[in-house]
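To convert a position in the sequence shown, counted from 1, into this note's numbering, add 1.
Note that these hints are calculated values from the structure, not bench results. Please read these numbers as outputs of a predicted model, since none were measured by experiment. Virtual Cβ for every residue (Gly too), placed ideally from N, Cα, C. Be careful, since some hints might not be right.
Now the in silico label distances, taken between C-beta atoms and shown as ranges [what the hints assert, rightly or not]:
#	residue 1	residue 2	range
1	V124	Q246	20 to 30 Å
2	P228	R125	18 to 28 Å
3	H127	T3	44 to 54 Å
4	D75	G205	19 to 29 Å
5	M2	H123	35 to 45 Å
6	R238	S166	29 to 39 Å
7	H123	D152	24 to 34 Å
8	A59	I164	34 to 44 Å
9	G169	V124	20 to 30 Å
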Amino acid sequence: MTDRIALISDVHGNLGALEAVLADIRARGIEQIINLGDTAGKGPRGEAAVRLCREVCAVNVRGNWDDFLPGISDDASEGLVWWRDELSASSRAWLGSLPLSHDLVMSGRRIRLFHASAESPHVRVHFHHTPEQFAAMFENTAMTGDGPVPDVVGYADIHDAYIESFEGRTLFNVGSVGNPLDEPTPSYAILEGTLDAADAAPFGIQFVRVPYDVEAEIAVAEELRMPECDVWAVELRTAVYRGRQ
């Protein structure tokens, strides 16, 4: 029997995109979902997104926003304070308690999942990276622990879906559900194989794009008077990062 796991990430408070992606996952009959982090922040409905991910995801991994947002001080930027306060105390505590990486075995492949890198959820590895950065994604670190080194690494953070294989190892990025920056359509990934099987078996990684009502999500942000709504709207419509607008 073939097992399938859906990998989502970087929802960033975009509840409309999250609901569309979860509907697609359900329609495919996939029951196990792993969230690679950054569920809140940047978008208008972080609290609702966190509650939904707590309910439907078998595993949630801590991202950089999950790590720093609960501890934002009152003298931070208007946007950061707004996104912090939009979260309940329970959600802030939950985000801060999440694991930083998750390992599994599928079809004889050792798979490691984390938000940004093996070093830290705050250390970014872009699509255009060095051979040294590629190799470091597969290393055991203080963050990942001392388990068997992985053959396959999946991560998030850069909002840019891709897959790369080199010297028997595969690195892939699941893209972003709520704030994609490679194209405006939300992305998630599916792992397919035999879960917990130590012997080699067929294995696949699939990327899925799910359209949703972008304008409805922007309207929610405007109605709530979310700070930085203008640059958020451009990101959602065009996938152009705010620093490049």
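Hints versus structure:
Look at V124 against Q246: about 25 Å separates their beta carbons, and that is inside 20 to 30 Å. Checked against the given bound of 18 to 28 Å, the beta carbons of P228 and R125, roughly 24 Å apart, stay inside it. Remark: the range hint 44 to 54 Å for H127 to T3 is contradicted by a beta-carbon distance near 32 Å. Take D75 and G205: their Cβ atoms lie about 48 Å apart, and the range 19 to 29 Å is violated.
Restraint check, M2 to H123: a C-beta distance of roughly 39 Å satisfies the suggested window 35 to 45 Å. A C-beta distance of roughly 33 Å is found between R238 and S166, which places it inside the suggested range of 29 to 39 Å. Checked against the hint of 24 to 34 Å, the pair H123 and D152 passes, with Cβ atoms roughly 25 Å apart. Separated by about 23 Å at the C-beta atoms, A59 and I164 break the suggested range of 34 to 44 Å.
Look at G169 against V124: about 24 Å separates their beta carbons, and that is inside 20 to 30 Å.
Hint check: violations occur at hints 3, 4 and 8; the rest are consistent with the structure.
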